[in-house]
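Trainee: All chains should be built: construct the whole structure from the sequences, respecting the hints.
Residue numbers (this note's numbering), protein chains in the order written: chain A, 1 to 273; chain B, 1 to 273.
In case anyone wonders, no lab produced these hints; they're calculated from the structure. Be aware that one or more of the hints could be misleading.
One copy or two, it doesn't matter: identical chains are merged, so the pair holds either way.
In the DMTMM-like style, the derived pairs of lysine to aspartate or glutamate whose C-alpha atoms are separated by at most 25 Å in a straight line are [claimed, not checked]:
hint : residue 1 : residue 2
1    : 212       : 77
2    : 97        : 120
3    : 68        : 229
4    : 212       : 182
5    : 97        : 227
6    : 97        : 22
7    : 68        : 182
8    : 212       : 58
9    : 256       : 88
10   : 68        : 22
Protein chains: 2
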Amino acid sequence: MVALSQEPAPKADARPQGSPAEIRQAIRRGLYDGPTGGLAMGYVQANLCILPADYADDFLRYCQRNPKPCPLLAVTEVGDPTLPGWGDIDLRTDVPKYDVFRDGEFVEDVTDLLSLWRGDFVAFVLGCSYSFEQAILEAGLRLRHVELGRGPCRYRSSLETVPAGPFRGGMVVTMRPFRPADAIRAIQVTSRFPMVHGAPVHIGMPHLIGIKDLEAQCDSGFLPMGDDELPLFWGCGVTPQVAVQEARVPICITHKPAHMLVTDRLNSSLSVF
Amino acid sequence: MVALSQEPAPKADARPQGSPAEIRQAIRRGLYDGPTGGLAMGYVQANLCILPADYADDFLRYCQRNPKPCPLLAVTEVGDPTLPGWGDIDLRTDVPKYDVFRDGEFVEDVTDLLSLWRGDFVAFVLGCSYSFEQAILEAGLRLRHVELGRGPCRYRSSLETVPAGPFRGGMVVTMRPFRPADAIRAIQVTSRFPMVHGAPVHIGMPHLIGIKDLEAQCDSGFLPMGDDELPLFWGCGVTPQVAVQEARVPICITHKPAHMLVTDRLNSSLSVF
Numbered sequence: 001m002v003a004l005s006q007e008p009a010p011k012a013d014a015r016p017q018g019s020p021a022e023i024r025q026a027i028r029r030g031l032y033d034g035p036t037g038g039l040a041m042g043y044v045q046a047n048l049c050i051l052p053a054d055y056a057d058d059f060l061r062y063c064q065r066n067p068k069p070c071p072l073l074a075v076t077e078v079g080d081p082t083l084p085g086w087g088d089i090d091l092r093t094d095v096p097k098y099d100v101f102r103d104g105e106f107v108e109d110v111t112d113l114l115s116l117w118r119g120d121f122v123a124f125v126l127g128c129s130y131s132f133e134q135a136i137l138e139a140g141l142r143l144r145h146v147e148l149g150r151g152p153c154r155y156r157s158s159l160e161t162v163p164a165g166p167f168r169g170g171m172v173v174t175m176r177p178f179r180p181a182d183a184i185r186a187i188q189v190t191s192r193f194p195m196v197h198g199a200p201v202h203i204g205m206p207h208l209i210g211i212k213d214l215e216a217q218c219d220s221g222f223l224p225m226g227d228d229e230l231p232l233f234w235g236c237g238v239t240p241q242v243a244v245q246e247a248r249v250p251i252c253i254t255h256k257p258a259h260m261l262v263t264d265r266l267n268s269s270l271s272v273f
Numbered sequence: 001m002v003a004l005s006q007e008p009a010p011k012a013d014a015r016p017q018g019s020p021a022e023i024r025q026a027i028r029r030g031l032y033d034g035p036t037g038g039l040a041m042g043y044v045q046a047n048l049c050i051l052p053a054d055y056a057d058d059f060l061r062y063c064q065r066n067p068k069p070c071p072l073l074a075v076t077e078v079g080d081p082t083l084p085g086w087g088d089i090d091l092r093t094d095v096p097k098y099d100v101f102r103d104g105e106f107v108e109d110v111t112d113l114l115s116l117w118r119g120d121f122v123a124f125v126l127g128c129s130y131s132f133e134q135a136i137l138e139a140g141l142r143l144r145h146v147e148l149g150r151g152p153c154r155y156r157s158s159l160e161t162v163p164a165g166p167f168r169g170g171m172v173v174t175m176r177p178f179r180p181a182d183a184i185r186a187i188q189v190t191s192r193f194p195m196v197h198g199a200p201v202h203i204g205m206p207h208l209i210g211i212k213d214l215e216a217q218c219d220s221g222f223l224p225m226g227d228d229e230l231p232l233f234w235g236c237g238v239t240p241q242v243a244v245q246e247a248r249v250p251i252c253i254t255h256k257p258a259h260m261l262v263t264d265r266l267n268s269s270l271s272v273f
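Mentor: Next up, the structure:
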């Protein structure tokens with residue numbers, strides 16, 4: 001039996017509540033290292049990609065040339081882990097879990113970068129589909145993967161990204177099925193959010209982008225579609241990660257998928273109209 | 001041989017040039033009674049539907065309830081053939097050709113309404129797809145039917161309109177094929193123009209709206225589609241005409257298809273953003 005006066009020990013899997021700042025504080029103090037979906041609803045969650053400064057110019061141009069899969073929200077100063085304008089953020093501690101890649105290979109995940117951070121690191125903060133999914137749901141449309149607590153189906157498409165320096169490769173896309181009238185509405189709603197992948201890149205004819213079998217080629221758990229649904233494909237934030245891995249950058253650190261950076265900006269602030 | 005000093009007699013098939021006002025003047029003076037596509041490019045051309053006042057309230061509610069096929073731009077005062085705000089317009093003379101329906105049956109076409117106009121007539125002016133087609137072309141997309149000097153394929157769909165009084169019936173739709181990425185762009189572009197049919201009502205799965213055979217069920221000349229194209233369906237201005245005919249209104253006068261009212265408003269003025 002636990003005495004009432006005894007406070008339970010902090011657990012890293014207790015989902016924090018409250019404002020984005022409160023959630024980042026819990027993560028920063030090591031009280032939470034889990035996925036961030038559903039936390040601080042309404043606020044922008046972002047993809048993170050950290051590279052040595054030697055690669056930053058090329059990567060910046062890669063993002064600029066491929067805004068659908070790589071919508072750039074912010075870039076830090078060299079060596080500076082803060083993110084002015086997005087909250088009181090320390091990128092070394094405020095993401096629940098990080099993936100570390102060396103020479104393009106995954107080597108470990110860590111819960112902070114205090115020992116790995118370097119003075120030549122540049123961090124790229126990229127928009128994430130959570131933002132436009134909120135807009136889709138608020139428009140009254142359903143997202144089956146959200147209802148099932150899953151992620152959307154993900155594919156490596158045959159759409160080529162525009163290269164920059166060593167960064168290149170096929171576009172990774174996520175797929176969400178909709179009935180035709182809802183598909184039109186989903187295109188309208190997501191078009192308002194170019195900073196978080198924006199409108200779909202493809203609709204309805206997966207074989208034209210190298211996807212001959214929706215089920216077999218799905219890189220994440222496949223969810224069956226209805227006969228009356230069309231597949232819509234959006235640029236995916238895994239695209240830059242693949243480009244970085246294929247470039248065999250000596251060191252690259254990203255957020256661990258689903259373990260995002262929670263910022264102080266409202267998703268609605270990213271709507272262009 | 002024609003003497004140089006002899007001016008050729010005005011011909012009703014000589015396409016007029018110039019401003020919307022100059023084109024209407026030519027039509028009003030009987031110098032032109034042909035189709036208006038391509039005239040006064042950039043200016044709103046509109047569908048016309050004239051009914052006795054007894055039917056006007058129901059028809060107004062029918063348009064309000066079905067804005068995709070029946071986007072209402074203006075309604076006149078009872079018995080008044082002018083259209084303040086849209087130019088120096090006399091609706092009795094300024095449309096090249098009118099179709100007259102009695103008890104729902106076509107009886108004749110005429111080039112003016114001077115002898116048919118009644119003190120209880122109300123005119124409804126409805127948006128037309130020419131406006132959004134201009135926006136599609138300006139966005140750099142191609143429209144095959146325009147290139148061929150034809151109209152788009154038209155279908156009676158199984159989508160039911162919302163009834164009002166005696167007005168009801170299936171929605172007539174027009175179809176334009178696009179490759180998937182262009183389809184997304186066409187949805188974005190036409191979404192900006194809700195006053196002229198706006199976004200499509202359907203995409204990609206014609207059997208879901210009662211169209212099992214795109215070629216056989218086309219009411220206007222069918223144009224073949226590419227294997228890499230999706231059909232997009234927009235609400236069509238023939239829908240209210242069908243509703244009026246099916247309501248067997250004692251008298252109804254419309255523009256003759258393709259012989260539109262040319263107004264002084266710019267298409268671009270109808271864009272909502």
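Trainee: Next, verify each hint and record whether it holds.
Mentor: Hints versus structure:
When the C-alpha separation of residue 212 and residue 77 is checked against a cutoff of 25 Å, the pair qualifies neither within a copy, at 43 Å, nor between copies, at 58 Å. Taking CA atoms no more than 25 Å apart as the test, residue 97 paired with residue 120 passes inside one copy only; the shortest distance there is 21 Å, against 74 Å between copies. In this homomeric assembly, residue 68 and residue 229 come within 25 Å of each other (Cα to Cα) both inside a single copy, at 23 Å, and across copies, at 22 Å. When the C-alpha separation of residue 212 and residue 182 is checked against a cutoff of 25 Å, the pair qualifies both within a copy, at 24 Å, and between copies, at 21 Å.
For the homomeric pair residue 97 and residue 227, neither the shortest alpha-carbon distance inside one copy (38 Å) nor that between copies (45 Å) is at most 25 Å. In this homomeric assembly, residue 97 and residue 22 come within 25 Å of each other (Cα to Cα) only inside a single copy, at 17 Å, whereas the closest approach across copies is 69 Å. Taking the shortest Cα distances, residue 68 and residue 182 sit within 25 Å of each other both inside one copy (21 Å) and across copies (15 Å). When the C-alpha separation of residue 212 and residue 58 is checked against a cutoff of 25 Å, the pair qualifies neither within a copy, at 33 Å, nor between copies, at 51 Å.
For the homomeric pair residue 256 and residue 88, the shortest alpha-carbon distance inside one copy (21 Å) is at most 25 Å, but the shortest distance between copies (65 Å) is not. Proximity of residue 68 to residue 22 under the C-alpha cut-off of 25 Å is found in neither arrangement, the shortest distances being 31 Å within a copy and 46 Å between copies.
The structure shown violates the earlier hints numbered 1, 5, 8 and 10.
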